[in-house]
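Visitor: Letter by letter, the chains look like this.
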Amino acid sequence: MQSLSATSAAGVLLDLSGVLILLLAFACLGSKLFNRYVAYYGAQSVVLAFAAGVAAQAFHSAELWILAVATLAIKGIGIPLSARRLLVQRLDLKRDAALSTGLSTSLIAGGALTAFAYLVTRPQLLPHGVVAAAVVPLSTAVILLGGLAMVVRRHTVAQLIGWLIVENGVFLGAITLVATFPFIVEAGIFLDIVAGVLIMLVFVSGLTRQLASASASELKELQG
Amino acid sequence: MIALMIAAAVGPLTGSVAAGCGARARQAGWSGAAGAMISVACSIWLLAAELHRPPVSGWGGYLYLDSLSCFFLFTVAAVTLLAAVGSVAYLAAEEDIGRLSAFQVRLYFIFFGLFAALMLAALETGNLGLLFVLIEASTLASAALVGLEARSSSLEAAWKYVIISSFGVTIALAGTLFLFYSASGLHLAPDLRLTWPYLFGHAPALAPESLRLAFLLAVVGYGTKVGLAPMHTWLPDAHAEAPSPASAMLSAALLNTGMYAIMRFLAITRARLGDGFPRAVLLTFGFLSIVIAVLFMIRRGNFKRLFAYSSVEHMGIIAVALGFGGVLGLYGALLQTLNHAIAKAVLFLTSGDVAVRYQTREAAGVTGLLTAVPVAGGALLLGSFAVLGSPPFGLFLSELTIVRAGFAASGATLPLLLLALLAIAFIAFARTTTGMVTGSAPVATTATATVAGGPPLSAPYRGRWTGVAAATPLVVGLVALLILGLWIPAVLDAVIRHSAAVL
Chain A
1 MQSLSATSAA GVLLDLSGVL ILLLAFACLG SKLFNRYVAY YGAQSVVLAF AAGVAAQAFH
61 SAELWILAVA TLAIKGIGIP LSARRLLVQR LDLKRDAALS TGLSTSLIAG GALTAFAYLV
121 TRPQLLPHGV VAAAVVPLST AVILLGGLAM VVRRHTVAQL IGWLIVENGV FLGAITLVAT
181 FPFIVEAGIF LDIVAGVLIM LVFVSGLTRQ LASASASELK ELQG
Chain B
1 MIALMIAAAV GPLTGSVAAG CGARARQAGW SGAAGAMISV ACSIWLLAAE LHRPPVSGWG
61 GYLYLDSLSC FFLFTVAAVT LLAAVGSVAY LAAEEDIGRL SAFQVRLYFI FFGLFAALML
121 AALETGNLGL LFVLIEASTL ASAALVGLEA RSSSLEAAWK YVIISSFGVT IALAGTLFLF
181 YSASGLHLAP DLRLTWPYLF GHAPALAPES LRLAFLLAVV GYGTKVGLAP MHTWLPDAHA
241 EAPSPASAML SAALLNTGMY AIMRFLAITR ARLGDGFPRA VLLTFGFLSI VIAVLFMIRR
301 GNFKRLFAYS SVEHMGIIAV ALGFGGVLGL YGALLQTLNH AIAKAVLFLT SGDVAVRYQT
361 REAAGVTGLL TAVPVAGGAL LLGSFAVLGS PPFGLFLSEL TIVRAGFAAS GATLPLLLLA
421 LLAIAFIAFA RTTTGMVTGS APVATTATAT VAGGPPLSAP YRGRWTGVAA ATPLVVGLVA
481 LLILGLWIPA VLDAVIRHSA AVL
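Those sequence lines, one after another, are chains A and B.
Numbering follows the numbering used here, with no gaps: position 222 of the first sequence is 222.
Numbering follows the numbering used here, with no gaps: position 405 of the second sequence is 405.
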């Protein structure tokens with residue numbers, strides 16, 4: 001299988017992007033303002049697009065270039081912009097009060113999850129010295145942090161951002177596997193995300209109209 | 001063959017196209033039913049042809065069909081047909097009463113066809129990445145159905161469904177990634193990338209540590225779609241809030257599609273890691289699901305929630321059967337899948353009929369169904385006994401097979417536990433449904449409905465054919481269950497045996 005070595009220039013850049021993406025996930029977990037959630041997600045997606053570009057250059061793959069550009073345009077610009085316009089500004093969201101734990105607790109839990117991600121994934125990877133060995137633990141950690149953000153935050157918009165971070169984590173892992181991941185599948189995943197965001201936007205605005213506040217803690221009509 | 005496969009997958013889209021062109025409930029519904037009929041016909045044809053051929057593979061592994069996918073294709077297509085015919089009656093009644101606008105009715109048929117087509121396509125692909133893409137897309141299409149009625153409770157259910165399921169399926173994608181990491185020691189030919197037959201054929205060369213993680217993530221991820229506890233929390237809400245024919249599709253088709261994905265991972269994992277690890281995982285999730293479902297079934301309330309928890313229970317039983325393994329266990333699991341799909345489709349369609357007539361989804365508000373509406377009452381009574389596994393219906397046979405597989409595989413404790421749980425489920429479930437069926441018919445409901453100017457209780461359906469559309473799937477489904485309990489057709493038996501051999 002084609003794979004980048006960890007010491008090549010592209011490998012180092014990918015590794016660095018992975019670290020940045022993880023840090024941005026932490027930043028999102030540690031903030032309390034809706035504007036920041038969206039901004040950190042957007043920045044994370046831009047870094048991801050950069051990583052995809054690096055991989056495209058290294059593998060000489062035109063398909064990956066398309067993917068990198070699409071990531072930049074849709075995830076880096078399109079989704080953050082529309083989330084800000086349609087959700088944050090229109091619903092007048094400022095401070096997120098619907099947190100089930102304090103920020104410091106969730107950051108500590110995030111640190112523990114990152115350590116856990118390394119513990120679980122390090123022995124799984126076969127060939128040492130390839131970039132995947134460095135990036136996969138990072139991407140697993142990003143997935144877990146996104147999940148944590150979804151659990152800790154009860155506001156529907158914050159949960160949506162959490163899911164998008166999870167998706168970025170999976171994408172980061174997939175980039176290192178480009179040699180085996182066919183383009184149609186990557187494109188399909190992309191389409192799913194876009195459609196998912198659209199549907200969720202509809203639900204969130206519908207819920208807000210009916211509930212005045214779209215915090216999932218108010219969603220308690222259905223129990224048992 | 002490939003043309004047949006494509007026809008089977010795109011068949012249900014006829015309803016979407018009709019609705020997209022502006023057809024009303026009846027026309028769109030009937031064209032959707034005709035499309036589902038095409039799918040069923042194609043799937044039966046494929047089923048019969050598949051027995052004498054090696055698996056079909058095309059388009060660089062994107063299309064792949066073996067006995068297992070044929071079997072699931074037939075199950076999902078049959079459920080789609082039952083639900084499509086039921087949709088005609090349900091949506092026409094809702095449209096006539098004015099509870100749904102013409103726009104909502106059109107949306108319903110567009111997403112219903114899309115949902116069915118995406119699931120059928122998911123069963124026909126050999127590429128595990130594409131499998132993820134199609135299952136996630138079917139989640140989104142069905143979320144639109146769940147939120148269709150746009151009440152705050154249905155939006156809440158739809159939100160819960162789409163966020164929990166999307167997250168779950170994303171976890172399954174991470175599992176898929178780890179499966180490929182486990183294959184990174186292999187030299188994959190470019191056209192075989194990510195395909196199941198290739199990975200299955202080279203299972204002994206996969207890295208065990210990574211594969212273990214992949215299987216666990218896939219069970220948790222796709223298990224969210226299947227409704228295995230503790231990832232089942234979206235399920236009762238979504239099933240209760242969706243229009244009833246859509247609930248039938250969720251319970252009898254979508255859950256099975258998720259289970260199919262787990263089976264694909266299971267086959268690879270078993271081939272590499274042996275029986276022990278997958279058995280432990282599946283038995284744990286399976287029994288947990290059964291216990292939690294049974295506990296919630298004791299609560300009386302919304303009857304659609306009751307049916308939904310019964311789906312959780314049955315998915316748990318199928319997971320347990322897969323965990324027991326062996327030819328008996330796999331045979332039982334597949335037979336149970338088909339039987340449960342038909343029985344649950346009948347029950348949810350009946351619940352739609354009841355909800356339209358009584359205008360309530362609470363079990364306490366429904367009495368005397370057998371006197372008021374003999375067809376629906378009979379279907380509810382027989383359907384509940386069928387789904388609870390009493391003879392002579394098909395589920396009795398499949399559950400018996402599963403218990404026998406348990407005795408063969410793991411001693412007496414687990415099968416006895418399973419039997420005890422089934423008995424509790426029987427009491428809890430039958431207590432509610434017999435209460436709905438027996439008693440005196442509600443005269444008062446009829447009177448208020450007439451006073452309010454609405455249609456009287458006994459006749460929500462305008463036009464003879466709409467009433468027929470409501471009753472047909474119930475009768476057909478029950479007859480099929482009865483036949484499956486007494487006699488398994490030779491073709492079906494052979495296909496299930498072949499599929500068990502694939503696993």
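I should point out that these hints are in silico values taken from the structure, not numbers from a laboratory.
Every value quoted in this text rests on a predicted model; they were computed, and no experiment measured them.
It is possible that some hints are incorrect.
To be clear about the criterion: a stretch of chain A counts as covered by chain B if any three or more of its residues have a C-beta under 8 Å from a C-beta of chain B, and this derived list gives those stretches [as the list claims (entries may be wrong)]:
| no. | region |
| --- | --- |
| 1 | 61–70 |
| 2 | 94–104 |
| 3 | 152–166 |
Which chain A residues stay away from chain B? Per the calculated CB distances, all over 12 Å, these [stated by the list, open to error]:
| no. | residue |
| --- | --- |
| 4 | VAL12 |
| 5 | LEU20 |
| 6 | ALA39 |
| 7 | ALA43 |
| 8 | LEU81 |
| 9 | ARG85 |
| 10 | THR176 |
| 11 | VAL185 |
| 12 | PHE203 |
| 13 | ARG209 |
Backbone N, C-alpha and C define an ideal beta-carbon position, used for all residues, glycine too.
Visitor: So which of those numbered hints doesn't the model satisfy?
Guide: Result: hints 1, 2, 10, 11, 12 and 13 break, sorted rising.
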